[in-house]
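Visitor: Residues per chain, in single letters:
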Amino acid sequence: MDITKIPVVIVELFVYLFDVIPPFLPQIMALTTPIALGALCGVLCERSGVVNIGIEGIMLMSAFFGYLTGFLLHEQIGSLPALIAGVGVAVLVGVLLGTIHAWLSITIRADQIIAGVFLNVFALGLTAYLNRLIITPSGRGGAGQLPKFSLPDQIEDIPILGDVLSMFLNQGPIAMSVLVFVIGLQILLFRSRWGLRTRAVGEHPKAADTVGIDVIRLRYRNVIIGCALAGLAGAFIVLESTGSFQNGMTDGRGFIALAALIFGRWTPVGAFLGALLFGAATGLNIMVNTVPPTSPELREVMLSIPRQWYAALPYVITIIVLAGVVGRSIPPAADGVPYAKEARA
Amino acid sequence: MTDAGDRDQLRREAGGADPLAGAAPQAAQAKQSAPRGRGPRNVLSQLWRSGAVPILSILFAMLLGAVLILASPLVTGKEFQLTLPITAYGALVEGSIGKPELWTAGNFNAISNTLVQAAPLMFGGLAVGIAFKAGLFNIGVAGQFLVGAFTAAVVGSNLAQVPTNFAAPISLLAGAIAGGLYGFIPGYLKARTGAHEVVTTIMLNSIAALLLAWAVADIFRDPTQSFARTADIGNARLPVLFGRNVHLGVPLAFIAVFIIKFLLDRTTLGFEIRTVGANPNAARYAGIRPVLILTLTMVIAGVLSGFAGSIQLLGLIGFYSSGVSPNVGFDSITVALLGRSSPLGIMAAALLFGAFRAGQGLMQINTNGLVPIEVIDVIQALIILFLAADIIIRRVFRLRAAKGALEGEVRTVTQSWGEQVAR
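Chains as they are written, first to last, in this note's numbering: chain A, 1 to 345; chain B, 1001 to 1423.
With the rest of the complex left out, here is chain B (with noise of 0.2 angstroms):
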């Protein structure tokens, strides 16, 4: 144990090294894992490291999930089904990319409702991930998704005559700049004055949802409504390009992954944001402003989060009122975890847990409510839980202590805590 610790140690401090070698990210990966020799083996030694150990956190959550299903029948005084996690994950699969009578017949309306869902979680977890780079816990995704929804909704609404080749891209602007506004205060102040983002961020997350309850029941509501939303954002709606809804915030988000993955891997700024991330004194050394770098991170992470905000809002939604989308900011964190905060990671864990919310509702219906969707936000806890903890898989898979991105980046996270003044 204490020598694994040691080797550990050793490990996050070459990984926190890297970035000032100039080295990308997959070059320090496969330093890291792959000491000894190179080649297409490797490669693929390389993905199992990489992915083993979030793929079978999702197995072992979902495996407890299940007991959990079993449970469930004892507690209400219902019958024992063995068969009951079957039902539950079959559905659960249904829902979420259909099944074959329904693809010869032409209708892919799961699969169209997965990626519907996932496209926020895209830029959700974006957000987060880019953040951990810089070294920060943005958990501030579900404040600033609301701030780009409303700003959406509310320009979406005044240009709702306006052609959608003009009201379209200005309200999903507009959007994406709000969420950034939102973000800039949380950096700001983390930069400034060390006020620690995880708490700031989630304060940020309240304020906005009551702040704008209230703009959305005193200033903008519509009328002619019964509830207090906004008002149509008519030709504001983001077209629908194939399928039943994916519209065109789905092919934007799968674009934003691998504009964020050049930004980090190829340009200066990713590379200055890695840096801080991995030591901000040995970048601030370097010549690089932390103050700055922090605060342009959260800007980017918020303008991530607003556009998820904007194309959930004109692409699906359509007006704003108070609860729109619970489950984002909370997703967005484990997806981004689960990515191991690379944009390919990211874009494949958006995907599965667009799948779950794709999927969650015919879940709770064919097993008529014995299993409610809210076992998805448990088995999503287990996914943190065994990602936290990958110490248990790899002992029960006799796994390498080989880590990627996640350790290196988010351990400055925690590290920081002790830092909330110490500058």
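Excised from the complex, chain A in its bound form (with noise of 0.2 angstroms):
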């Protein structure tokens, strides 16, 4: 390709992704959501002082367990409860762990990016071991997919405002859920008194302690609730959004959603919208291939790059996050600190 034309090519690559973007806004949604729920749980732990690179095992473990469940029970009670029951183990073993990892950082003060190892080895290591025992030799499905809601056409038809609503309405009820947790988030985070106390947590537990502020209990609950929602993200990706489970499924998007809450400066929204961008990148792939881009140069540039460069596209984009380039984003001050009542600050 002539160089002289890289700066048209790139505005029509501009053009492209507005054009392309909106119709395709619920797929993007669909490959936010566990992004984006990991992300929430990342913020919720590290608001109060607790670093999870766990996320991504807990989510792949819910997802086993919930899988698991609607595996084993759709024949019998049906296939929506089935469904509804897998939701509810992804959310229990999201608790489980999130138990596991508090505990570990907070009572027993282990370095908290080994227990989040541990939580990662552990999860790949247990559902494939389990997924060979169990899944794989019977041979059957599993409960299939969660219904999905869909707008009535005239609705979607609206310009703009039709894009919106069917990109947060034409979703499973576990995606629907996600801007009512983000938008919840943040306005507790910041304009509730158990926001406060998180955040103060998160910043100077020891100020927060001789206020009277439970630190440790604080702390455990915020893990705990925290990783519910990554559980709900496993539950996402295998009872929504699949329907299947493979090993090692979640694919570095518990990663990914730490780089979405460093995007998004440790807030709700802010995370969502991180976690927005890495679903946008890894739909775009996607989007070439269903919808190509009308201008030659751009076409011809956008069909010959490889399958697996779009792949990796989510992966730099968070390296490119994380090196700053979006500008430099303050975490919790004592983040990742275990809190010792008597230790010297």
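Simulated from the structure, these hints should not be mistaken for lab results. Any given hint might turn out to be false.
Stated by the list, open to error - FRET-style restraints, in silico, Cβ to Cβ:
#, chain 1, residue 1, chain 2, residue 2, range
1, B, VAL1396, A, SER192, 39 to 45 angstroms
2, B, LEU1292, A, GLY184, 42 to 48 angstroms
3, A, LEU13, B, LEU1070, 54 to 60 angstroms
4, B, VAL1067, A, THR290, 29 to 35 angstroms
Predicted, not measured: the structure shown is a model, and the values here were computed from it. Backbone N, C-alpha and C define an ideal beta-carbon position, used for all residues, glycine too.
Hey, can you piece these two chains together into the complex? The hints should help.
Guide: Listed below in structure tokens is the structure:
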């Protein structure tokens, strides 16, 4: 390709994205959902001062047990109840692993990153082990997928508003709930007593302790609630998005969630926008193949890029984000530092 | 609890300040763990103190693994077998060291397999361990390994007709250098921008896997093969020195252990690495440039991982295709943690994990598939758990809170999380 055409192609790329993204918003939202829920888990943990890199493992473990529940129950109690039970089990697994992480990080004061590595390795191993023992030999399928809501055509056809509405409402129940969690957490974190306390504990636990906030208890609670959300992300992956389980299917999304969290400067809305960026980057490949660009130059470039490059794009963006190209963001001051009442600060 | 916490805190600070005082780590450890008196008894007790927690972690993890093995026939609806863990672990041992009948017949294949599996883990464990010394958590061994293996495969296949004495070392070094370059990226980003290496290395692992999958499918594919793989490495294959498959990479791994030990204990660079790991600010004050040291440490780690990939490819596999050695990445982390990031500890831990990986296949076969190989991953995770939460083990066995390198070095990893930008 002629080098002088590069600026033209870049302009065309933006025009193309502007055209192609609106109809794909529901799909992008679906790709965003697990990352956003994982990032919210990160917000809850890190705002109260606990680093959690085990989100990936929690998502995987919840996904497996959520799927397993549906897989075991759907013939007896029907598909929908089995799916709902699966979501419940996934969230419970999230709570359980969250409790383990909280115990390791807060009570035992183990290294929080190693505790996270434990969760990730444990999840990879145990799910693959049980998958090979239970699911693979049976040859049966799972409980299917949670039903999706769809808006009437008249509403979808409204310009802009229709696209936005269908992004959030042409979804299954878990993806639909993401916006509620994001806005709810944003308000709670910055406008409620709990939020003030959480932020205080994440910035200066000693000061929070002296005014009578139970640092340990608050951290436990936040980590466990956060990990319940990571469990919900796992449920989304198997019970709403794909309807099947493969080993290691979370595919680094728990780590991308951490990048979204940093991108969003530890706020729920920011983390959601970060997750949306990664969701869109993940969806680019689908978009290019379904609706190729109309201009010949851009079409040639976009279609000649191998699919593995598209797949690597979110990871590359993650690194760029972390390297601070989007501006520097400052984590809570006590992030990752275990709290010991009598220790010198 | 809080009292113990205080003591921990003090000890950490004491340990952290040590490298500045110029003490070798052994001396530092001795000071930490055995403040009263010196002598042969103290050497033994020091060995016990640094080795007890890792050894007991392994035993605890295997015990819990046995519980999982016992429970697994129940979830599959098969009969409960009390002897299943014994069968499984027996097969694991047989697969990794063999048995007397085979030895007397001159068959040492099992031990050969263990050594061959352990060699890349030694390199990988050193790659994680040396990064720990500088306060970095290198989760990127998997990616650096792939880059090294791929480069070795491509260079090797181009030198397939050249004499081995020339082809093998060139391919080996090419892989190591490529790994080093790939390690440079997270090191430089960490040092310059504060991008935390835990996330960047994980991302780089995925990027390496995807881009190399593309490269092997679209560019370097051998058209005569039925699946996407590189051409045969021919003469670049590392010579087999003894046994069935003990190739040149195995002694190289042992040599690397001692080189890194020398580097860390006896050279200025090693001292600077440890100082930066203990306290970057103090290091800067002492005239050491943390940016340079952090980057250099990650390059060294990358070179080591690259060697792991090269020897695995040139000594064992012979061609690159997607999904070569999926376990090396996480295994290396466990090996480094288990060896408390000391080179000799890493050597021992790598031999153990080499044995696990060499024996896991026979375990699955001898138990008729009732115990899949993934149980090793579960045991591995449990080992990490007990190492991270060694207070559990210390409580049970009433061990004094004498810690090896783990805490002193690793603590900076989590603390640096908050430094994402703080500098």
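Visitor: Hint by hint, note whether the structure agrees.
Guide: Okay, the hints, checked on the actual structure:
The supplied range of 39 to 45 angstroms is met by B:VAL1396 and A:SER192, whose beta-carbon atoms lie about 42 angstroms from each other. A hinted range of 42 to 48 angstroms holds for the C-beta pair B:LEU1292 and A:GLY184, which are about 47 angstroms apart. The supplied range of 54 to 60 angstroms is met by A:LEU13 and B:LEU1070, whose beta-carbon atoms lie about 58 angstroms from each other. Restraint check, B:VAL1067 to A:THR290: a C-beta distance of roughly 49 angstroms breaks the suggested window 29 to 35 angstroms.
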